[in-house]
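J.: So the chains spell out like this:
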Amino acid sequence: DVKVTQSSRYLVKRTGEKVFLECVQDMDHENMFWYRQDPGLGLRLIYFSYDVKMKEKGDIPEGYSVSREKKERFSLILESASTNQTSMYLCASSSGGSSGNTIYFGEGSWLTVV
Amino acid sequence: SQQGEEDPQALSIQEGENATMNCSYKTSINNLQWYRQNSGRGLVHLILIRSNEREKHSGRLRVTLDTSKKSSSLLITASRAADTASYFCATDGSFQKLVFGTGTRLLVSP
Chain U
36 DVKVTQSSRY
46 LVKRTGEKVF
56 LECVQDMDHE
66 NMFWYRQDPG
76 LGLRLIYFSY
86 DVKMKEKGDI
96 PEGYSVSREK
106 KERFSLILES
116 ASTNQTSMYL
126 CASSSGGSSG
136 NTIYFGEGSW
146 LTVV
Chain R
30 SQQGEEDPQA
40 LSIQEGENAT
50 MNCSYKTSIN
60 NLQWYRQNSG
70 RGLVHLILIR
80 SNEREKHSGR
90 LRVTLDTSKK
100 SSSLLITASR
110 AADTASYFCA
120 TDGSFQKLVF
130 GTGTRLLVSP
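Chains as they are written, first to last, in our numbering: chain U, 36 to 149; chain R, 30 to 139.
Simulated from the structure, these hints should not be mistaken for laboratory data.
Treat the hints with care, since some could be wrong.
[Said to hold, decoys possible] Per label pair, the in silico range of CB-to-CB distance:
| no. | chain 1 | residue 1 | chain 2 | residue 2 | range |
| --- | --- | --- | --- | --- | --- |
| 1 | U | D94 | R | L90 | 22 to 32 Å |
| 2 | U | E104 | R | L90 | 31 to 41 Å |
| 3 | R | Q43 | U | S115 | 41 to 51 Å |
| 4 | U | S102 | R | V73 | 20 to 30 Å |
[To be verified] Pulled from the structure, derived: some chain R residues nowhere near chain U, Cβ distances all over 10 Å:
| no. | residue |
| --- | --- |
| 5 | S53 |
| 6 | K98 |
| 7 | D112 |
| 8 | P139 |
[What the hints assert, rightly or not] So these bits of chain U aren't anywhere near chain R, every CB distance computed over 10 Å:
| no. | residue |
| --- | --- |
| 9 | F55 |
| 10 | D61 |
| 11 | M62 |
| 12 | K106 |
| 13 | T147 |
Think of the CB as a built atom: it goes at the ideal place given N, C-alpha and C, for glycine as much as any other residue.
Please build the complete structure, drawing on both the sequences and the hints.
T.: Following this line, the structure appears as structure tokens:
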């Protein structure tokens, strides 16, 4: 069974803290994504990566960075957490090649910044 | 950038009824996908329809695509309480970046 695992389901962090959200997939997928989901705004793409050490900005990259040192792992980093980054974060992966491949999501990480 | 807009935002029906959700998008696409999200969980892929297809079925799901109107619909027949979830359409971009709509919340009452 395909699996995208997000290491933390619920986190509470203080403003200004550095936050790491980890995501691991076991499907040997080339593409990995980080989305955030907010009520009324749907899912918005933060960053994605189509290969190891490669990254591309999504629609809302400000305040975030990412790391992909290994193919199976894609980390989202909040350098200095702020309250407006309180959200649900979803990691996803898909195989490379032509469009139309299924994207597999993790269960989500609920982050509260106080 | 939001590509898809689902309509209605919320839908409440009784078990056994059919549920229809619509999605409109702005730019040309290669394919359109529908996903389901149970409350507080990740999204699960339901069905993909390619731009050269007009209709596709999967179990109780039927998806239509009208590229001239830039719209798609998802029909769930004979709905069940377990179908209660949010449903999202998503259109593809480069590197398979999916652009999601804001979703339709479906409530199926027993």
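J.: With reference to the structure, classify each hint as holding or not holding.
T.: Results for each hint:
The hint said 22 to 32 Å for the Cβ distance between U/D94 and R/L90, and at roughly 28 Å that hint holds. The given range of 31 to 41 Å is respected by U/E104 and R/L90, whose C-beta atoms sit roughly 39 Å from each other. Separation of R/Q43 from U/S115 is about 49 Å and conforms to the stated range, judged on CB atoms against 41 to 51 Å. In this structure, U/S102 and R/V73 meet the distance hint of 20 to 30 Å, their C-beta atoms being roughly 27 Å apart.
Remark: the non-interface label on R/S53 is consistent with the geometry, its nearest Cβ contact in chain U lying 14 Å away (cut-off 10 Å). Distance check on R/K98: its Cβ is at least 21 Å (rounded) from any Cβ of chain U, clearing the 10 Å threshold; non-interface status holds. The Cβ of R/D112 sits about 19 Å from the closest Cβ of chain U, beyond the 10 Å cut-off, so the non-interface label holds. Once the 10 Å rule is applied to beta carbons, R/P139 is consistent with being away from chain U; the minimum gap is 26 Å.
Listed as outside the interface, U/F55 is consistent with that label: its C-beta sits roughly 19 Å from the nearest C-beta of chain R, beyond the 10 Å cut-off. Residue-level check passed: U/D61 sits 15 Å from the nearest beta carbon of chain R, beyond 10 Å. The beta carbon of U/M62 sits about 13 Å from the closest Cβ of chain R, which is more than 10 Å, so the claim that it is off the interface holds. Here U/K106 stays apart from chain R, with its beta-carbon at least about 15 Å from theirs, past the 10 Å limit.
Every CB of chain R lies more than 10 Å from the CB of U/T147, the least distance being 14 Å, so the non-interface label holds.
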